[in-house]
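Please model the entire structure based on the sequences and the hints provided.
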Amino acid sequence: MRLTVRSLLCMLGLAGCAASPAPYGNFVHEGPAGYDRTVAEDGVRQLAAVYPPANTRFELQQATPDAFGKLLTATLRAQGYAVRESDASPIAQGAAARGEGSAATAAPALPLRYVLDQASGLYRVTLHVGSQSLTRAYLAQNGALQPAGAWVRKE
Numbered sequence: 060m061r062l063t064v065r066s067l068l069c070m071l072g073l074a075g076c077a078a079s080p081a082p083y084g085n086f087v088h089e090g091p092a093g094y095d096r097t098v099a100e101d102g103v104r105q106l107a108a109v110y111p112p113a114n115t116r117f118e119l120q121q122a123t124p125d126a127f128g129k130l131l132t133a134t135l136r137a138q139g140y141a142v143r144e145s146d147a148s149p150i151a152q153g154a155a156a157r158g159e160g161s162a163a164t165a166a167p168a169l170p171l172r173y174v175l176d177q178a179s180g181l182y183r184v185t186l187h188v189g190s191q192s193l194t195r196a197y198l199a200q201n202g203a204l205q206p207a208g209a210w211v212r213k214e
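Position in the sequence shown (from 1) plus 59 gives the number in my numbering.
Among the hints, a few may not be true.
[To be verified] When the alpha-carbon atoms are kept at most 25 Å apart in a straight line, the in silico DMTMM-like pairs for lysine to aspartate or glutamate are as follows:
1) K129 <-> D101
2) K129 <-> D176
3) K129 <-> E89
4) K213 <-> E118
5) K129 <-> E118
6) K213 <-> D101
7) K129 <-> D146
8) K213 <-> D176
9) K129 <-> E100
10) K213 <-> E100
Hint data in this document are derived by calculation from the structure and do not stem from the laboratory.
Dropping the structure here:
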């Protein structure tokens, strides 16, 4: 009996870990000046190489309250992408209150999430588009970010 209860508790604990949402967002608390703009513009250039702007719609799957998220969204739109923001964003909430942007009128969009983090002097951005991801590392040099390698695409 003891082994069964222990096994059940272990399985419930593992199921709880698997059900929790992955952490997405900006986890850089202090970076070089303008790091968020550098990474957002570079990320959108790479997205444009893989997903044509005039033919692609993105739906942000997370709120974007940070400077990087706002710059990423604005840069995507400036490049010609249609971007639907998460229901948690203030802009999306206002549109929903006015009855705009309903799912019935919108064409299918690719889900988009991002992670911006840092460790040991390296900064890393990962853009998740559906089940694929684009990742690049950056190195802080002379108060600015420089790419520390090529973009890596996981299909």
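**Asked** Looking back at the numbered hints, which does the structure fail to meet, lowest number first?
**Response** Those not satisfied: there are none.
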